[in-house]
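S.K.: For the record, the sequence lines run as chains A and B. So the first sequence is numbered by the UniProt record's numbering: it starts at 1 and just counts up by one. So the second sequence is numbered by the UniProt record's numbering: it starts at 1 and just counts up by one.
Calculated directly from the structure, the hints in this document are not laboratory data. Just so you know, not all the hints are guaranteed correct.
Pairwise CB distance ranges (calculated) [stated by the list, open to error]: (1) B:K233 - A:D15: 44 to 50 Å; (2) B:G177 - A:G98: 41 to 47 Å; (3) B:W132 - A:V140: 34 to 40 Å.
Note that beta-carbon positions come from the ideal geometry of N, C-alpha and C, so glycine has one too.
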Amino acid sequence: MTPAIAPAALAPRQDRRAQWLLIGLAVALTLFIVVVPLVYIFWRALSEGFAVFAQNIMAPDTLHAIWLTSVVAVITLPVNLAIGIAAAWLIARFTFPGRKALLTLIELPFSISPIIAGVCYLLLYGRQGLLGPVLAAGDVKILFALPGIILVTLFVTSPFVAREVLPLMQAQGSEQEQAALTLGASGWQIFRRVTLPNIRWALLYGAVLATARAVGEFGAVSVVSGAIRGQTNTLPLQIELLFNDLNIVGAFAAASTLTLIALVVLVLKTVLEGRTR
Amino acid sequence: MSVAAVTGFPAGRQKRVLPGFGLTMGLTLTYVGIIVLLPVIALVLKGAEIGPVRFWEIVTAPRTLAALRLTITAAALATVFNAAYGLLMAWVLVRYRFPGRRLLDAMMDIPFALPTAVAGLALTALFSENGWYGQVLAPAGFPVVYTIWGVAVAMSFTSIPFVVRTVQPILEDLEPGQEEAARTLGATPWQIFTRVIFPAILPAYLIGTTIAFARSLGEFGAVIFIAGNLPMKTEIASLLAVIRLEEYDYNGAAAIALTLVAIALALLVVSNWLQSRLTRRRVPA
Numbered sequence: 001m002t003p004a005i006a007p008a009a010l011a012p013r014q015d016r017r018a019q020w021l022l023i024g025l026a027v028a029l030t031l032f033i034v035v036v037p038l039v040y041i042f043w044r045a046l047s048e049g050f051a052v053f054a055q056n057i058m059a060p061d062t063l064h065a066i067w068l069t070s071v072v073a074v075i076t077l078p079v080n081l082a083i084g085i086a087a088a089w090l091i092a093r094f095t096f097p098g099r100k101a102l103l104t105l106i107e108l109p110f111s112i113s114p115i116i117a118g119v120c121y122l123l124l125y126g127r128q129g130l131l132g133p134v135l136a137a138g139d140v141k142i143l144f145a146l147p148g149i150i151l152v153t154l155f156v157t158s159p160f161v162a163r164e165v166l167p168l169m170q171a172q173g174s175e176q177e178q179a180a181l182t183l184g185a186s187g188w189q190i191f192r193r194v195t196l197p198n199i200r201w202a203l204l205y206g207a208v209l210a211t212a213r214a215v216g217e218f219g220a221v222s223v224v225s226g227a228i229r230g231q232t233n234t235l236p237l238q239i240e241l242l243f244n245d246l247n248i249v250g251a252f253a254a255a256s257t258l259t260l261i262a263l264v265v266l267v268l269k270t271v272l273e274g275r276t277r
Numbered sequence: 001m002s003v004a005a006v007t008g009f010p011a012g013r014q015k016r017v018l019p020g021f022g023l024t025m026g027l028t029l030t031y032v033g034i035i036v037l038l039p040v041i042a043l044v045l046k047g048a049e050i051g052p053v054r055f056w057e058i059v060t061a062p063r064t065l066a067a068l069r070l071t072i073t074a075a076a077l078a079t080v081f082n083a084a085y086g087l088l089m090a091w092v093l094v095r096y097r098f099p100g101r102r103l104l105d106a107m108m109d110i111p112f113a114l115p116t117a118v119a120g121l122a123l124t125a126l127f128s129e130n131g132w133y134g135q136v137l138a139p140a141g142f143p144v145v146y147t148i149w150g151v152a153v154a155m156s157f158t159s160i161p162f163v164v165r166t167v168q169p170i171l172e173d174l175e176p177g178q179e180e181a182a183r184t185l186g187a188t189p190w191q192i193f194t195r196v197i198f199p200a201i202l203p204a205y206l207i208g209t210t211i212a213f214a215r216s217l218g219e220f221g222a223v224i225f226i227a228g229n230l231p232m233k234t235e236i237a238s239l240l241a242v243i244r245l246e247e248y249d250y251n252g253a254a255a256i257a258l259t260l261v262a263i264a265l266a267l268l269v270v271s272n273w274l275q276s277r278l279t280r281r282r283v284p285a
């Protein structure tokens with residue numbers, strides 16, 4: 001909600017000077033803190049020409065990192081959607097003891113920093129971890145391999161879909177679904193014909209946020225992946241590896257692809273926020 | 001919105017009319033159990049295994065203390081900056097109309113959208129001695145990269161949106177009546193701000209800064225690029241936990257991680273308490 005009259009229109013001259021001073025300060029600070037770093041990423045990635053940029057992107061290890069990151073995103077997305085919907089349905093449509101506690105548990109990953117999540121996973125699945133001996137006996141490899149990366153990414157991204165869908169389902173109430181039930185619709189029919197059309201934009205919004213996070217996650221993945229070149233290195237980890245190799249332009253080339261994804265996410269976010277409200 | 005719409009149904013009578021209770025309950029519990037709860041339990045059990053004496057030894061060891069001190073000090077510096085910058089941005093974006101306002105508003109989401117490793121890389125290059133910012137700052141006797149200031153810069157970048165985005169909606173919803181009354185009574189703009197507006201946005205402002213502080217404490221990706229990670233000097237606590245893991249010192253890692261989780265949960269409790277105060281005050285209005 002915006003005030004009906006722009007306050008500046010009625011303000012005396014001295015106020016207006018303060019106003020432009022504050023706007024100028026805000027713009028200048030944002031320019032230095034946010035805009036310049038953003039522009040700098042592309043500037044540096046392309047600083048040695050497009051041919052070098054393309055060469056950096058097509059380097060086998062970077063290509064593999066892009067592929068691995070895509071695999072992680074493609075596997076985690078449907079899981080996040082399904083669980084997000086299930087959790088939102090459970091909490092919005094039923095009352096049961098422990099409902100609040102469950103909600104707290106679902107949102108817990110937001111309060112635990114990703115790097116600590118990675119440590120937790122290592123303490124669980126690591127060689128001396130809680131399940132370490134069992135896994136070693138069964139010759140199951142979770143850490144320093146794809147399953148570990150997927151699991152820890154699921155931890156970090158798990159609250160996103162539920163957080164967008166749940167408030168919407170609670171606000172809409174369940175009258176429509178109950179009406180469908182009285183008319184003899186099956187559970188699946190109710191979900192597909194009544195619930196899903198109502199929540200689709202929030203669902204998409206949650207999916208976008210979760211996927212963006214899955215693609216960009218660094219801390220949690222860095223602990224469990226082992227960062228084996230050309231094997232378990234995701235794109236954000238590849239940036240660190242190239243940086244440590246002092247291949248700065250290569251690091252910025254890899255970073256620019258993630259930045260492009262981030263900008264697309266921002267545009268989608270703006271569009272979807274308009275639709276969900 | 002009625003209370004019934006928020007909480008679902010009055011308990012008892014209409015409960016579980018809709019299908020899917022067993023299915024969604026089973027799915028959610030299994031998933032949350034395996035993905036979220038089990039790893040956290042592993043941390044707590046590993047921590048309990050250590051015993052209080054050894055736990056205290058680990059946490060008060062000079063290197064751990066130095067890492068915790070650096071993390072908390074840098075996070076505090078970052079939060080002081082974000083508190084000032086965030087309030088300025090929220091104010092300018094809500095109260096003034098000027099060309100480019102919506103773009104400026106969109107810019108506030110960049111630090112969240114950008115992966116932290118990308119932010120760390122860009123900030124490190126900009127602030128390094130031959131970078132655009134470092135060229136000016138380093139000769140002026142203000143080196144940023146590989147110092148606590150670098151850690152603070154990285155932390156503040158990644159937590160920029162929290163203060164802005166929590167204060168903005170409250171500022172938008174403020175009723176103009178009180179301000180107009182104050183103006184009619186001859187209050188100066190500064191008086192109106194400090195006596196009328198600021199008290200009204202204070203709870204939200206505190207929530208925003210608390211979350212920003214918590215996020216700064218937990219920041220890893222952006223920090224490790226710019227910090228240089230020198231033990232005892234610019235090594236953050238979460239990195240030390242990872243280093244302990246790599247040395248197969250699981251007890252050391254668990255103790256440090258548990259300390260960080262405890263701090264994060266304490267901050268969460270503070271912010272929830274502020275939140276409950278905020279909603280209690282806003283409901284009757």
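S.K.: Please flag the earlier hints that this structure goes against, numbers listed from lowest up.
M.R.: 3
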